[in-house]
Amino acid sequence: GESVGLHLPTLSVQEGDNSIINCAYSNSASDYFIWYKQESGKGPQFIIDIRSNMDKRQGQRVTVLLNKTVKHLSLQIAATQPGDSAVYFCAENGPRGGAAGNKLTFGGGTRVLVKP
Amino acid sequence: NAGVTQTPKFRILKIGQSMTLQCTQDMNHNYMYWYRQDPGMGLKLIYYSVGAGITDKGEVPNGYNVSRSTTEDFPLRLELAAPSQTSVYFCASSYEAQERGTQYFGPGTRLLVL
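So the sequences go chain by chain: U and H.
The first sequence maps to residues 82 to 197 in the numbering used here.
The second sequence maps to residues 54 to 167 in the numbering used here.
With the rest of the complex left out, here is chain U (with noise of 0.2 Å):
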């Protein structure tokens, strides 16, 4: 079946440097990727989106990147902060109005540690 999945499970950033989370997607015919943040006991949060006719969309300190060639994504935080430390899921999502609908597929997660 498709999937979405990551290439490192845990990502140790020194306080201050720029962090990259990278997933990989399987479905060429995605065409919207979210990533989430999940805080330790707590559901996951919203970060950012993209679609895919861009490349690059930036929030506030986090950028996505999106590579359909190679069918990559990655994110990208800027001045890492310990409250930055949680575990970030990438998750795709076929055309709206299509058979997936409005459901998400999820990656396995990228620990993100911030060391001070």
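Take the hints with a grain of salt, since some may be wrong.
To be verified - Within a straight-line C-alpha distance of at most 25 Å, the following computed SDA-like cross-link-like pairs (lysine to any residue) qualify:
#	chain 1	residue 1	chain 2	residue 2
1	H	K110	U	F127
2	U	K123	H	G56
3	U	K123	H	G69
4	H	K62	U	Q126
5	H	K97	U	D130
Said to hold, decoys possible - Sample of chain U residues facing chain H (criterion: CB under 7 Å; computed from the structure):
#	residue
6	G124
7	P125
8	F127
9	A160
10	F170
11	K184
12	F187
13	G188
14	G189
For the record, the hints were derived by calculation from the structure and aren't laboratory data.
Bear in mind that the values here come from a model prediction, so they are computed numbers and not experimental data.
Quick reminder that beta carbons are idealized off the backbone N, C-alpha and C, glycines included.
On the provided structure of chain U, position chain H as indicated by the hints.
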């Protein structure tokens, strides 16, 4: 708004017991979802609903049932609990007109089946 609320927060079940996980949202969202998250893993969709009276299976529906009699509530039923259902369960909701990624998640229910 309280957002998405889930009860209970934690429950221990014996094999074969049944229980209902409650989920309520007060944002008037028409889409609601149930996910399970196994330790160290991502979320897998169990069931979802696009509106009151309409439900559909997700990726891992076996062993679960849902109902959607109102816009606000989307309970998840386990009829015969099995150890494989030990997991953390998250309910989420979204508004159809919003971007698909804007799913609001509840705090989760941790279930242990022994």
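Quiz item: Which of the numbered hints above does this structure break?
Solution: 3, 9
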